[in-house]
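Engineer: This is what each chain is made of:
Number of protein chains: 2
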Amino acid sequence: MLDYAKGEGELENWLISETAFSAAGLGKCEAILCLGNGYMGLRSSTEESYFQEKRNFFINGTFNRSQKNEVTELPNLADSIQMDIRVDGERFSLEVGETNDYLRQLNLKTAELSRSFIWTSPKGKILSFKFRRFVSLEHLHLLGFKVEVKSLSGKVQFAFDSGINAQMTNSGSQHFLEGERRIFDHRFLQLTQTTNESGIDIVHQMVHQVSRNGKEIDFEPEMDMERRKVWLNYSVDLQEQDVLTIEKLVTVHTSRDKENAVGGYELTKMQQAALEELKRFALTGYEKLFEMHRQAWQEKVWDLYSFNVESEKGIDELAIRFAIYHLTIMAPAHDERMGIGAKALSGEGYKGHAFWDTEIFILPFFIFSNPKVAKSLLIYRFLGLEGAHKKAAAQGYKGAMYPWEMAWPKDGETTPEWGDIDIVTGKQSKIWSGLIEHHISADIAFAVYQYEQATGDQEFMDAYGYEMIFDTAAFWTSRLEWNSQKERYEINDVIGPDEYKEHVDNNAFTNYMAHANLKMAIYYCRELKEINPEVFKKLSKKMDLESLIPEWREKAANVYLPEPREEDFIIPQDDAYLGLKQIDLSKYKNQAKVRAIYRDYNSEQINKLQVTKQADVLVLLYLLEQLSIDGVRKFPKEVKQANFDFYEPRTLHDSSLSTATHAILASDLGYQELAYSLFQKSIEIDLGEQMDTSDDGVHAAAIGGLWKTAVFGFAGIRMKQGRLTIHPRLPANWRSMEFNIQWQGHKLHLAIRKDHFIVTVEGMGKVAFESFGQMFECENSIQVPLGANLHR
Amino acid sequence: MLDYAKGEGELENWLISETAFSAAGLGKCEAILCLGNGYMGLRSSTEESYFQEKRNFFINGTFNRSQKNEVTELPNLADSIQMDIRVDGERFSLEVGETNDYLRQLNLKTAELSRSFIWTSPKGKILSFKFRRFVSLEHLHLLGFKVEVKSLSGKVQFAFDSGINAQMTNSGSQHFLEGERRIFDHRFLQLTQTTNESGIDIVHQMVHQVSRNGKEIDFEPEMDMERRKVWLNYSVDLQEQDVLTIEKLVTVHTSRDKENAVGGYELTKMQQAALEELKRFALTGYEKLFEMHRQAWQEKVWDLYSFNVESEKGIDELAIRFAIYHLTIMAPAHDERMGIGAKALSGEGYKGHAFWDTEIFILPFFIFSNPKVAKSLLIYRFLGLEGAHKKAAAQGYKGAMYPWEMAWPKDGETTPEWGDIDIVTGKQSKIWSGLIEHHISADIAFAVYQYEQATGDQEFMDAYGYEMIFDTAAFWTSRLEWNSQKERYEINDVIGPDEYKEHVDNNAFTNYMAHANLKMAIYYCRELKEINPEVFKKLSKKMDLESLIPEWREKAANVYLPEPREEDFIIPQDDAYLGLKQIDLSKYKNQAKVRAIYRDYNSEQINKLQVTKQADVLVLLYLLEQLSIDGVRKFPKEVKQANFDFYEPRTLHDSSLSTATHAILASDLGYQELAYSLFQKSIEIDLGEQMDTSDDGVHAAAIGGLWKTAVFGFAGIRMKQGRLTIHPRLPANWRSMEFNIQWQGHKLHLAIRKDHFIVTVEGMGKVAFESFGQMFECENSIQVPLGANLHR
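Protein sequence lines correspond, in order, to chains F and W.
Just so it is clear: in the first sequence, position 451 is 451 by full-length UniProt numbering, and no numbers are missing.
Just so it is clear: in the second sequence, position 718 is 718 by full-length UniProt numbering, and no numbers are missing.
Hints listed in this document are in silico derivations from the structure and should not be mistaken for laboratory results.
Note that the structure is a prediction, hence the values are computed from the model and not measured.
The reader is advised that the hints may include incorrect statements.
Claimed, not checked - Once the Cα atoms are required to be at most 20 Å apart in a straight line, the calculated PhoX-like pairs of lysine-lysine come out as:
1) W:LYS279 <-> F:LYS427
2) W:LYS427 <-> F:LYS269
3) W:LYS54 <-> F:LYS229
4) F:LYS109 <-> F:LYS6
5) W:LYS229 <-> F:LYS430
6) W:LYS150 <-> F:LYS229
7) F:LYS54 <-> W:LYS427
8) F:LYS68 <-> W:LYS279
9) W:LYS427 <-> F:LYS229
10) F:LYS54 <-> W:LYS229
11) F:LYS720 <-> F:LYS634
12) F:LYS608 <-> F:LYS589
13) F:LYS229 <-> W:LYS372
14) F:LYS427 <-> W:LYS229
15) F:LYS279 <-> W:LYS720
16) W:LYS130 <-> W:LYS6
17) W:LYS542 <-> W:LYS581
18) W:LYS279 <-> W:LYS68
Generate the whole structure from the sequences, applying the supplied hints.
Structural biologist: Shown next as structure tokens:
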């Protein structure tokens with residue numbers, strides 16, 4: 001059904017196409033073909049309704065808690081897409097009649113979604129339809145829709161209802177008070193919603209322009225309203241070959257918009273300004289507005305992130321562009337008070353909450369491609385210190401204990417307490433991650449470190465970064481448990497990255513990362529005291545650094561760090577893992593359907609098997625080697641290899657966060673085929689044939705992982721010892737890859753071929769990097785030969 | 001599409017049939033074929049979903065206010081009807097493939113809904129389906145569903161999801177906290193909802209029994225849960241001619257159930273008891289449970305209300321049975337803390353609120369057929385005194401000012417403030433009735449009087465009735481405005497029954513009824529003091545009757561009662577009406593679509609035209625002649641005739657409350673053809689061809705009006721001077737009518753023929769009645785000849 005090879009010429013590997021209508025595929029397409037601009041995200045539901053659809057429209061950061069016993073989530077806003085179309089009284093739907101020449105396409109380059117087909121109604125009326133739409137990157141509050149209908153079989157009456165429908169819920173949870181509905185001048189629709197707990201006003205607007213054969217039709221549609229809904233009823237007679245064009249412009253504004261955050265907000269003012277803006281948009285018209293949007297995508301996205309791959313499989317290039325497309329539309333580049341949810345703005349899954357997915361899987365793209373956005377996302381976590389303090393206090397700890405799931409920065413934990421059915425008890429299963437998955441605080445500290453190292457952004461460190469590192473370290477000092485028998489600090493009863501293991505003791509990832517967090521604090525504390533005593537003093541006043549430093553030192557020195565086993569270098573994932581029962585996992589590996597093991601075992605049973613849901617020890621190895629902090633452990637290649645060889649067969653990749661890390665390590669270790677096949681697996685997470693995996697939204701971390709696999713894996717770009725390293729290892733069927741990265745304030749272009757790579761620095765400045773053991777310095781451009789090095 | 005003549009033999013005029021599937025007719029059929037038992041009401045949505053559907057399931061009295069800026073309403077409960085059926089993977093829907101032999105029927109006698117057809121899937125699989133369901137009158141908490149599917153074209157995989165879905169809303173407003181979901185023994189589903197404001201727990205349960213060719217299939221369905229939803233996935237292979245039978249039993253209990261109202265309520269206890277009850281039901285099985293339900297309908301309904309009409313048009317008899325059916329399922333006979341909403345329990349329209357519809361249009365059926373239920377409904381209003389006091393206090397009045405729309409007895413006004421679009425301003429239009437439609441207090445007083453006169457229930461009067469009459473009279477004393485110029489009391493700025501006239505002064509209906517209310521208070525006060533000084537003392541203490549009595553006397557004596565004009569006997573509907581502009585109303589009269597006048601005029605303009613939405617002065621004349629209270633005005637037949645002749649042409653019957661009154665008066669006046677055609681018009685309100693008029697629910701008052709027209713109109717039964725009067729005037733094409741009524745504790749059977757009628761008294765006792773000026777006394781049975789009397 002999905003075809004990635006429709007693009008030709010300039011559009012090669014830019015088009016995602018659906019070539020036949022499929023009701024079962026609606027959810028997936030809504031998510032992967034989702035439109036957005038960081039401010040808002042619009043699932044690509046069709047104008048006409050289907051039962052399998054999931055209409056979702058979100059604005060970043062407009063969190064609300066619908067009922068007192070639910071958690072805060074991103075509310076599903078009023079729908080403006082739906083059009084109820086009747087052709088001679090018959091309801092238009094592709095489930096009835098006959099459809100020919102069907103094509104739906106997302107053009108990644110222009111961020112436009114189009115859909116066209118010829119439809120024969122059950123009664124035999126034939127019409128051609130063409131739908132187009134965009135969510136403007138140039139005007140963050142604007143959405144544009146255009147429909148062209150042509151009658152191919154004589155006279156028909158074409159009627160449609162179109163308006164704003166705020167009866168939408170989040171799977172039944174209503175987040176909004178019933179709000180004001182207005183129609184101005186019989187034409188401009190306005191509907192206001194206000195979240196029922198957080199009190200955010202949302203003003204939706206809509207205007208139509210309807211023309212026949214290019215001439216605007218001068219008529220007044222019937223106006224209608226009901227509960228939470230306002231709409232217009234249009235009815236037009238079409239003769240054979242008549243073309244009806246409907247342009248629909250929609251805007252949305254909220255009281256949480258940044259311009260409203262700085263005092264003076266009044267709803268009526270916002271409504272009025274929005275109305276005037278819409279009137280201006282209406283004068284400009286769809287085509288001009290679309291052209292401005294297209295230009296913005298060229299300049300702000302594709303010129304900046306330009307990414308080309310020459311490969312036997314076009315989907316490799318397309319998938320990376322798909323990733324960049326989604327990374328662009330998911331990132332609230334305009335507002336540092338917002339983060340990125342695990343499903344971005346493409347579905348209700350995970351409720352818009354930010355997980356470690358952001359820092360470990362998504363942020364690297366921005367750190368290396370658009371550090372401004374990375375900074376903005378880190379500031380969101382800085383603002384989250386307030387919530388992190390609350391969570392720590394609630395659990396009896398100190399410092400910043402970041403919530404496993406974060407919504408409002410000021411709030412603590414927002415992980416729901418109960419999940420899906422437990423097939424044994426018939427009850428809902430308990431979700432433990434909000435209570436005991438603690439590594440996220442260290443993951444965020446790591447991200448601060450990575451950002452600082454890659455950008456050298458001292459201002460960020462002074463204003464935000466140091467405090468985040470110190471505050472998370474402060475948490476770990478309180479979290480560590482003294483084992484007086486073994487005379488060491490332990491971290492017991494946690495969940496590590498491998499969520500198939502609940503309530504484990506001394507998860508290696510958690511312990512090592514907590515240790516690294518402490519070490520980072522010690523390192524940065526020393527640095528700060530030297531280079532900026534003022535800030536040191538300020539922070540010291542806030543959190544008594546002088547007494548924390550010795551505590552950090554003592555605890556870092558005595559935290560238990562599970563050593564690689566002498567005999568085989570295996571680092572135990574946790575205290576119990578290596579002693580668990582082994583079973584034949586072949587029937588669960590490489591399954592199209594994830595979590596296949598649940599058909600045979602329940603959670604409690606899986607907890608007792610030597611099976612890993614997703615990269616755990618391997619993520620640790622991948623992260624540790626990026627840290628060049630005194631005392632943070634580095635492991636030799638043999639350990640990396642041994643653990644990869646041990647854990648990869650035991651890892652089911654039942655989380656979309658898993659394959660990217662394995663692919664990068666496989667590439668590092670010279671397992672090129674495996675690396676490439678894991679990359680393909682990553683592509684399949686959202687672009688594969690499995691039709692229902694993306695129903696709740698795209699997999700934002702896996703999307704970040706696609707970019708990471710290409711750049712960190714195949715291009716071998718990494719930050720090591722505070723240096724840029726470039727160790728390219730192209731997959732066998734890749735002839736070349738070209739892309740941009742940013743490093744220490746410089747913009748670099750990389751062109752990687754089979755036998756060499758070329759680094760070009762934009763503008764002034766020198767950039768040093770290491771490649772396979774050799775140091776290079778590049779002023780304008782440098783070509784580095786590749787050869788025997790490849791497998792070092 | 002709807003066929004009322006399918007019933008044959010014993011089932012003649014008992015079946016409402018739909019003979020072809022129509023998506024556009026779904027809403028109407030859901031409402032008019034609605035099932036219920038007074039405890040709950042279930043719209044007859046189909047198992048499979050359609051976009052035009054409106055799934056609604058209500059339990060009487062479970063009011064809730066979803067959001068602080070909305071009004072209290074009856075929440076739409078979790079849905080248990082829906083089944084998502086797939087045949088070899090194709091979603092079953094009558095909108096696709098081919099449907100033959102379609103028949104959907106509501107059997108009014110057994111209160112069973114059935115649906116059968118042969119469906120050919122788009123891929124050519126042929127199956128026969130038969131669906132049956134009932135809402136038990138024997139077990140108020142039980143609903144039963146049965147599906148039989150037969151494969152007619154070889155092997156098919158028949159899969160269905162069935163469960164409890166609490167994602168339902170009231171047009172987008174969610175009333176429930178997310179609640180617990182459980183599956184016991186892989187079989188018994190339980191979902192608990194709690195209203196988010198009023199805190200009512202609702203426990204839904206479901207169990208399936210699935211068999212193939214009569215043998216229960218022993219397999220475990222897949223269990224699933226998501227937000228606000230729990231369900232099972234079944235999949236069964238059928239060979240040609242295999243019959244699959246699915247029995248689904250559903251129960252629902254609430255913390256508001258009467259047994260829970262008396263202390264000791266615990267949710268877990270209710271859940272457990274409900275589970276045990278369901279297990280017992282599951283052992284009994286669908287067929288036995290249905291048989292018990294059928295018997296209950298025979299004994300409690302049709303034996304009691306038995307109603308037969310011999311007429312040329314079978315629909316006449318069917319329509320009255322339809323009315324009795326709905327009057328039965330809408331009445332909360334089990335609980336006096338509940339009333340009847342304007343749409344009963346058959347739709348979201350009017351939010352489950354009780355209007356004057358109950359007292360003036362619905363209650364008479366119960367007063368004359370089942371006084372126990374009438375009493376229960378009046379006690380609901382007695383409990384409502386608390387809210388009526390609140391409303392009075394809020395508006396600066398005294399006594400009991402009943403809310404125009406009533407939900408919780410303790411609350412005051414619950415009329416929404418804003419309604420549909422104003423086509424001129426583009427804003428929502430203001431709803432005035434909650435503020436200024438005041439006649440309802442007098443209407444309720446009238447109902448108390450009617451009940452007392454017809455039943456002689458002194459206990460009721462002592463405990464409830466006197467207080468209601470006195471308290472409403474107390475309200476009027478504060479409501480009356482002294483016009484010092486004219487030296488009279490007036491009632492200005494009101495809406496009378498004719499809601500096309502807002503902000504009128506001295507609406508005749510309101511003034512006369514307020515006057516009657518005062519007179520009733522004086523009358524009953526005198527009576528009470530004599531016959532029960534204890535109660536008098538008690539009430540006197542509560543509301544200082546001794547000082548109220550003179551005030552009532554003085555005000556009643558000086559309230560302005562618009563006199564019939566000398567020249568033509570017309571009673572002015574209000575101060576302005578007779579001076580308003582007259583227009584040609586012929587294009588709006590007898591329109592299938594009501595409110596057609598709104599296409600040409602807006603509310604403000606209609607306010608200035610001599611046009612009446614619904615019976616106003618004529619309802620007054622109809623009510624007044626039933627009151628035999630000293631000083632309450634009676635008008636001679638000439639006045640009745642003059643006003644009928646004047647107002648009927650000016651009345652658009654744009655309210656479903658209108659035709660019944662006009663039909664009764666037409667019958668009284670000997671306009672037999674007109675009376676009959678108005679009766680037909682009343683039938684068409686819910687049973688007519690207009691497909692969308694009942695979408696929001698049936699018209700409970702119009703349904704009450706059908707019975708009233710037949711009994712008060714054609715049979716000429718009325719209460720006059722405290723006496724039963726019987727003035728039959730059968731429509732020309734009616735040969736006879738037979739029915740039961742109750743009068744002063746006696747059960748009477750009436751058999752009315754063209755030339756005589758027979759009254760039979762059940763059991764002991766004498767009943768006196770008047771017929772065309774003659775007094776009769778009946779001990780067992782009496783035959784009264786009819787003849788020249790007919791047109792008196």
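Engineer: For each hint, tell me whether it holds in the structure or not.
Structural biologist: Against the structure, the hints come out as follows:
1. Distance hint between LYS279 (chain W) and LYS427 (chain F) is fulfilled; the C-alpha atoms sit about 19 Å from each other, no more than 20 Å.
2. Between the alpha carbons of LYS427 (chain W) and LYS269 (chain F) the distance comes to roughly 18 Å, so the proposed pair stays at or under 20 Å and holds.
3. Our distance criterion of 20 Å between C-alpha atoms is met by LYS54 (chain W) and LYS229 (chain F), whose separation comes to about 16 Å.
4. Restraint check: the Cα-Cα separation between LYS109 (chain F) and LYS6 (chain F) comes to about 14 Å, which is no more than 20 Å; the hinted pair holds.
5. About 17 Å separates the Cα atoms of LYS229 (chain W) and LYS430 (chain F), which keeps this hinted pair within 20 Å; it holds.
6. Between LYS150 (chain W) and LYS229 (chain F) the alpha-carbon distance is near 42 Å, which puts this suggested pair outside the 20 Å criterion.
7. Proximity of LYS54 (chain F) to LYS427 (chain W) is assessed by CA-CA distance (about 30 Å); at most 20 Å being required, the pair is judged violated.
8. For the proposed pair LYS68 (chain F) and LYS279 (chain W), the alpha carbon gap of about 33 Å is over 20 Å, so the pair is violated.
9. Only pairs whose Cα atoms come within 20 Å are accepted, and LYS427 (chain W) paired with LYS229 (chain F) is accepted, the gap being roughly 12 Å.
10. For the suggested pair LYS54 (chain F) and LYS229 (chain W), the alpha carbons sit about 16 Å apart, so the restraint of at most 20 Å is met.
11. Of the supplied pair hints, the one linking LYS720 (chain F) and LYS634 (chain F) holds, its CA atoms being roughly 11 Å apart against a limit of 20 Å.
12. Proposed proximity of LYS608 (chain F) and LYS589 (chain F) is supported: the alpha carbons are some 18 Å apart, at most 20 Å.
13. For the hint pairing LYS229 (chain F) with LYS372 (chain W), the CA-to-CA distance comes to about 42 Å; that exceeds 20 Å, so the pair is violated.
14. Taking the CA atoms of LYS427 (chain F) and LYS229 (chain W), the gap is about 12 Å. The hint holds against a cut of 20 Å.
15. Between LYS279 (chain F) and LYS720 (chain W) the CA atoms are separated by roughly 66 Å; this puts the pair beyond 20 Å, and the hint is violated.
16. In summary, the hint linking LYS130 (chain W) to LYS6 (chain W) is supported, as the alpha carbons are separated by about 18 Å, within the 20 Å threshold.
17. A threshold of 20 Å between alpha carbons decides the hint, and for LYS542 (chain W) with LYS581 (chain W) the separation of about 49 Å lies outside it, so the pair is violated.
18. The suggested pairing of LYS279 (chain W) with LYS68 (chain W) is violated, with an alpha-carbon distance near 40 Å, which exceeds 20 Å.
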